[in-house]
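Whenever a hint applies, use it, and build me the whole structure from the sequences.
Chains A and B are the protein sequences, given in the same order.
Read the first sequence against the working numbering and you will find it ends at 124, with the numbers running on by one and no gaps.
Read the second sequence against the working numbering and you will find it ends at 1215, with the numbers running on by one and no gaps.
Just to be clear, a hint being listed does not mean it is correct.
Stated by the list, open to error - If you only want the chain B side, here are some residues facing chain A, beta carbon under 7 Å, derived:
hint : residue
1    : Ser1135
2    : Glu1145
3    : Leu1147
4    : Leu1149
5    : Glu1201
6    : Phe1205
7    : Lys1207
Unchecked claim - Where chain B lies over chain A, by a calculated footprint (3+ residues, C-beta under 8 Å):
hint : stretch
8    : 56-64
9    : 106-119
Just so you know, these hints were derived from the structure itself, not from any lab.
Glycine included, each C-beta is placed from N, C-alpha and C at the ideal position.
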Amino acid sequence: DAGVIQSPRHEVTEMGQEVTLRCKPISGHDYLFWYRQTMMRGLELLIYFNNNVPIDDSGMPEDRFSAKMPNASFSTLKIQPSEPRDSAVYFCASSFGTSSEQYFGPGTRLTVT
Amino acid sequence: GDSVTQMEGPVTLSEEAFLTINCTYTATGYPSLFWYVQYPGEGLQLLLKATKADDKGSNKGFEATYRKETTSFHLEKGSVQVSDSAVYFCARTQGGSEKLVFGKGTKLTVNP
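As structure tokens, this is what we get:
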């Protein structure tokens, strides 16, 4: 299996622009998680889905952030408008059933100038 | 609420030294416990896990034992290598969900 796939790997954008991060989970996994990692705040869970349905979005920082999962093999995290404080590495992870073993993608490093 | 506390780093060791990274968790429910490792520029990888008290997880020479009486899950390795240099995260499941609660991470550097 190719593992969790994220794109792009790096994104540099200007403040105010829309940013879309993409994730393809491992085939057959029914849970998908979006995390944000910064030096100051560590690893934060933003939102997670089960069978394409958002279950808990309490970690989404504000209305500028939105996430969708239109099907079992694709999810997006969108930031509109982006701000410099959104600069971070964003990880997608997936898991199967109740194993709780999450498999992480390589991350997208976002820089907002 | 559910939380995990790890020893603060960074930790610097010489090759072949003994490694311990402490991790304690809040004693709510019956969590599963995990250690993840993050190599530079990569995502987190599951290193080992334990699902109930007294279980020992092991992988690549690393071990950790689920200690309910001390609410601990310390990571150990008898002889570290330069290639073990990474950030290590302790995590627990959060009751009633598939969420994981992560510690802040401990950076390990192993010098030749």
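Structure-based check of all given hints:
no. : hint    : verdict
1   : Ser1135 : holds, 5 Å
2   : Glu1145 : holds, 6 Å
3   : Leu1147 : holds, 4 Å
4   : Leu1149 : holds, 6 Å
5   : Glu1201 : holds, 5 Å
6   : Phe1205 : holds, 5 Å
7   : Lys1207 : holds, 5 Å
8   : 56-64   : holds (count 3)
9   : 106-119 : holds (count 10)
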